[in-house]
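J.: With the hints as a guide, bring both chains together as one complex.
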Amino acid sequence: MFAEPPQNGGYMLAAYIVTPVILGGYWVRLWRRNANLKRREREEQLPKR
Amino acid sequence: MNAIEQYGNADRIIRRGLRLSAVGFLGLLLVYVLALKYTPVEARQGVAQKIFYLHVPAAWSALLAFSLVGLTGALYLWLQDPRLDRFSAASAEVGVAFSAVMLTTGPIWAKPIWGTWWTWDARLTLTLFLFFLFVGYLALRAALHDPAERARFSAVVGILGLLLVPFIHLSVYLFRTLHPQPIVLKPSAPSLPPEMLRTLLVSTLVFTLLYIGFVTARYGLALAAERRELEEGSDVR
Numbered sequence: 001m002f003a004e005p006p007q008n009g010g011y012m013l014a015a016y017i018v019t020p021v022i023l024g025g026y027w028v029r030l031w032r033r034n035a036n037l038k039r040r041e042r043e044e045q046l047p048k049r
Numbered sequence: 001m002n003a004i005e006q007y008g009n010a011d012r013i014i015r016r017g018l019r020l021s022a023v024g025f026l027g028l029l030l031v032y033v034l035a036l037k038y039t040p041v042e043a044r045q046g047v048a049q050k051i052f053y054l055h056v057p058a059a060w061s062a063l064l065a066f067s068l069v070g071l072t073g074a075l076y077l078w079l080q081d082p083r084l085d086r087f088s089a090a091s092a093e094v095g096v097a098f099s100a101v102m103l104t105t106g107p108i109w110a111k112p113i114w115g116t117w118w119t120w121d122a123r124l125t126l127t128l129f130l131f132f133l134f135v136g137y138l139a140l141r142a143a144l145h146d147p148a149e150r151a152r153f154s155a156v157v158g159i160l161g162l163l164l165v166p167f168i169h170l171s172v173y174l175f176r177t178l179h180p181q182p183i184v185l186k187p188s189a190p191s192l193p194p195e196m197l198r199t200l201l202v203s204t205l206v207f208t209l210l211y212i213g214f215v216t217a218r219y220g221l222a223l224a225a226e227r228r229e230l231e232e233g234s235d236v237r
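Residue numbers (this note's numbering), protein chains in the order written: chain A, 1 to 49; chain B, 1 to 237.
You can take every hint at face value.
Label-pair distances were calculated between CB atoms; the ranges are:
| no. | chain 1 | residue 1 | chain 2 | residue 2 | range |
| --- | --- | --- | --- | --- | --- |
| 1 | B | I183 | A | W31 | 31 to 41 Å |
| 2 | B | K111 | A | E44 | 46 to 56 Å |
| 3 | A | P5 | B | D121 | 22 to 32 Å |
| 4 | B | P194 | A | E44 | 52 to 62 Å |
| 5 | B | A189 | A | K38 | 42 to 52 Å |
Calculated from the structure, these hints are not laboratory results. None of the values given here were measured: they were computed from a predicted structure. Using N, Cα and C, we set each Cβ at its ideal position, and we do this for glycine too.
Only chain B is shown next, with the shape it has when bound in the complex (with noise of 0.2 Å):
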């Protein structure tokens, strides 16, 4: 395919993503009935429980997210291919948002389960330097202006932030920790009745499609801007 093809697919790949994460929104009104109807309200946590079928998604998108940013970016400084830095820098952008939602509804959840917001264990303390190393890359590529310089500097900063994910998801085995432990991705079978299972893998879905059609919207808009850049580019020579 070559560059004005590619380019000229920028807007119906943004069209795609916004229709995408519009049916994600659908998706989450879904995950609402289901654990508000259907799930049954834990004995001794009370409703407050039920922020987990939010909770765990979001942290789900959040580290798969970050995950594809330090493998796109390894890929990148062996293939240098363009796609993959655009991919990592969609990809870096949304998992920022969704870790807002992991680290806004894991302290609403803390304060009335633990009796405080916030606590400085392992696993959050983890969490929180992970959003701030990739708050740290996106400034990084807002503040490098040559394209292979960015791409190759910030591919660096995402392999690093990859490293830290199995110690995030290991934390809680590693370290004393207030954090509970996994309850779905361990060795053993999930230890979850089955209402509760059903709704976490429905919502997982539904976050897992939401990352999908933002990583969309976002890749045809770097590709748009890139399509301006080209265009003004040419219009200078």
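Next comes chain A alone, as it looks inside the complex (with noise of 0.2 Å):
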């Protein structure tokens, strides 16, 4: 007969957690990235009109 597994969740949940806040914060940046460029470029295109 198998013992009972053990009971570690908490670190199965961590890790749950963790990965798609180091992958979501990734894409949060690059977003940024791309918004504050073309922030940029709007307002050196402001000046010109």
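T.: If you want it as structure tokens, here you go:
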């Protein structure tokens, strides 16, 4: 007969939280870089009009 | 394609990359459902074994990213095509993000299974060195301002990183190590129950999609930054 599996769900939960935080954080960083680039382009175009 | 057409595509490339990676995040939700509801609990490791469905695909994406940095770096030294350098830079940055996932989920799994967060065994140490090497790669790129010099030097560092990748994969055979041996990428058939193998394959596909989306967006951003530099240059002239 097998013993009960160890109770270590907290570790799994930590890994399942940290993964989207890192990858989602990187996605937000890319999105913000794009938004900043566009904002600067718009600001530079304003005085030319 | 001339420079103006090429740079004009930058916004479209960024949008496509961001959308693709957003789809990848929906795929990650599916992986969570599969891992938590569909795959059985491993008898000896308990639910902590389910960290495997994130750790292994993150390691796959990181090593794929760093291998492609080395390969495109070598191609850049041969062909001198700036698109290859742009791709190398994008892949290195994305590889560092996936390495961060690999290097955090690994110790979170190791603590309940090995009884320690970290051990200086060959696989773990080489992986940490690879991470530092590519952080150095990004620092080098940030420090050099001449585009041709930056591309040449960073291509050499990228190739050095590529040389580490096969050692990392084979380290579990070459050295006495605590790290589990490959259970899918090995000469014999995968040694996993079908539910676990399917979930791992879906997760690997999702992480590959995230890699493609991130690299596409990062490539487009590099293109947009070059367009800006070109416009500023033409303003001065």
